[in-house]
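Produce the entire structure from the sequences given, and follow the hints as far as they go.
Residue numbers (numbering that gives the first Met the number 0), protein chains in the order written: chain A, 0 to 208; chain B, 0 to 208; chain C, 0 to 208; chain D, 0 to 208.
It is possible that part of the hints are untrue.
Remember, identical chains collapse to one label, so a pair may be satisfied in a single copy or spanning two.
To be verified - Below, computed lysine-lysine pairings styled on DSBU-like, alpha-carbon distance capped at 35 Å:
no.: 1; residue 1: K73; residue 2: K121
no.: 2; residue 1: K73; residue 2: K175
no.: 3; residue 1: K121; residue 2: K65
no.: 4; residue 1: K175; residue 2: K65
Everything labelled a hint here was simulated from the structure, so no lab data went into it.
There are 4 protein chains.
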Amino acid sequence: MATEHPRALIPALCRQFYDLGWCTGTGGGIAIRADGIIYMAPSGVQKERISEADIFELDLDGQVLKAPATPGLKLTECSPLFFNAFRQRGAGAVIHSHSIDALMATVHFETVFRVSHVEMIKGLRGYGYYDTVEIPIIPNTARECELADSMAEAIDANPQADAVLVQRHGIYVWGKDWQQAKTQTECLDYLFRYADRMIQSGRSPVDVP
Amino acid sequence: MATEHPRALIPALCRQFYDLGWCTGTGGGIAIRADGIIYMAPSGVQKERISEADIFELDLDGQVLKAPATPGLKLTECSPLFFNAFRQRGAGAVIHSHSIDALMATVHFETVFRVSHVEMIKGLRGYGYYDTVEIPIIPNTARECELADSMAEAIDANPQADAVLVQRHGIYVWGKDWQQAKTQTECLDYLFRYADRMIQSGRSPVDVP
Amino acid sequence: MATEHPRALIPALCRQFYDLGWCTGTGGGIAIRADGIIYMAPSGVQKERISEADIFELDLDGQVLKAPATPGLKLTECSPLFFNAFRQRGAGAVIHSHSIDALMATVHFETVFRVSHVEMIKGLRGYGYYDTVEIPIIPNTARECELADSMAEAIDANPQADAVLVQRHGIYVWGKDWQQAKTQTECLDYLFRYADRMIQSGRSPVDVP
Amino acid sequence: MATEHPRALIPALCRQFYDLGWCTGTGGGIAIRADGIIYMAPSGVQKERISEADIFELDLDGQVLKAPATPGLKLTECSPLFFNAFRQRGAGAVIHSHSIDALMATVHFETVFRVSHVEMIKGLRGYGYYDTVEIPIIPNTARECELADSMAEAIDANPQADAVLVQRHGIYVWGKDWQQAKTQTECLDYLFRYADRMIQSGRSPVDVP
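Okay, here's the thing in structure tokens:
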């Protein structure tokens, strides 16, 4: 349980997220806030191969304080979306996942993902086993930065949710620190798999046992 | 086949269980008894990242003998459930898994999971290939510690089973030592996948070839 | 491509087979012949954790030449089944897998598994893309050693096949060396997955494109 | 993001592709162009175990400049297919994958794979979220080298595609460098899984949300 610096932690978590299928094809990533600085993985690179020298440092207004030591890297277009969670919720970390199970959740559900009566719901802030979790789904756009406004609205309109699904795209999940962001992403991913299997079995994911 | 101390073994097994999908989202875990001491993984942490300094030591009455060297860690609410198996069955190790295949077994079956005529059944204590395995399913509760009594009853009522499924939650599996607990958890997980695939194919998991 | 001694190779391959789902729950394993000695993984142990000190050495009549340095290990009941392939086919290595896809192949097919028109068929000795692969399926028995005679008959009756499926159990696959045994096991496992997905899609695995 | 020499990179990528299910059973592989030399993995070997000493070096006409240090290795029959992409498209790297999801795409679609309205489409050169990706499918042949002409025709006829699917076989994907080739293979593999899940759900992969 050693506390690792975000520069070391982000590459390690990206390798893990790659193995989980959250950031293949250069998609997905993570941003972590520590001591007033936002640390962010670069864009368009093999996420399972990044190193400490590839991390961007930004201030809380989204301006780059320190570019990566590795030349030629670009800041991700997700940056404004990560900052929505940092600013509107005071998040300590934000994860963007392209998990195919999150994607399929946006196919099975139109505007809101709903699930109830599963133990893993208890891993989400403020929810208990008997509650119905609701995660808003926003439409996808041609460019990632164009999602910023509709994501911000969805965050405001759903104060109980620490995540926003993007249709046919993936999910943004945050938490007070990287541990909570990761825990909530894992719990949601499990709940998306559960929902898919319930639907394949002709049942509903809000079905009560 | 080196004998490893539970303090080293629990972190290694938790990493392996994480990769198997048994303890994502901080759920799941393992407790091992050795020389009159119960060693237990902490609660609410990234299970694939724990180290020797994070392990609790308890006596056989469930009292903490030694808190982890790492500050701020909490004993899991599963503790009384682990102790059911230690006390009622003299278990040497207990595994708690959130495997989604175990979860789906509690959806497909109402009160008892049943499977027959699969080789992996022979990995379960006291069962042969032609037998029908029966694993009891208890209802889930708002808090994990509230499961203790119904789990204790299910253990008493099912002396042939070394496991109790918890509805929409997961499973507790034990054995005379960690090897048997792990073997039986792996065999049951395989049998849950088999049952799911049989049901998806329009067949029954107690179907005789 | 370093040539590794079977004592080092068997533990490494068992770890790999565990990750592939071929030898969980202590099931499955591998035996390799080299310089007139048969090297064999022990029975009933965590296959992903064995070491060089755990390997049995047998002569070509199946007698133990050298027990493992680790005390208390047992020779597998599969031993006579491995020896069927060593004796009847002059195999250099035999793999026993509990892959759930092999198991499901024995559910979907009654007595013979058949597949055709898939590139991976070319990885099987003597088969081309347009051929129909046939793998015999024998009934399972209460004890593994009781399979020896029916497996021997199936080997004799199917000279074109380097594998025998065991109903609701798994598969035995061999080759002239460990590389061919492993290649053929991987190709068959892929073909079993293909067959399952074709059947789930309402198609036949011998369907011609 | 260290630049690695193709001799070191090819074994590392082959291990990764093996874990992804792209090159089991000795199938699949990768060729990389650097400084006027084509580096290529050998044929018919355990792809997750190759080392620097196993790599072929060829000139741009497909002639072997330098055989591997390891004796007895054979050049892959895929070689002319890799060279189609090097010559017709000036590719910097070509990946051949036996992914079962790519295979199933050639079952679900007859002559052209089509998918639309998925974020991962943006990982493919020249495509946006709202576009319909089209990947040509060519019939398989008894020997891999016989695919060369029909693959060359498919490349000419589909200038917008950086990939050719081979019926009941797999896929060839290329890019200006190994990063783009790998990114595009990962994105396509994700899109094949998506298409399969949409079809299993009774929907179409070109369905508009």
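Hint by hint, here is what the structure shows:
When the C-alpha separation of K73 and K121 is checked against a cutoff of 35 Å, the pair qualifies only between copies, where the shortest distance is 16 Å, while the shortest distance within a copy is 37 Å. In this assembly of identical chains, K73 and K175 lie within 35 Å of each other by CA distance both inside one copy and across copies; the values are 26 Å within and 19 Å between. Taking the closest pair of Cα atoms, K121 and K65 come within 35 Å of each other only across two copies (28 Å); inside a single copy the shortest separation is 38 Å, beyond that limit. Taking the shortest Cα distances, K175 and K65 sit within 35 Å of each other both inside one copy (24 Å) and across copies (29 Å).
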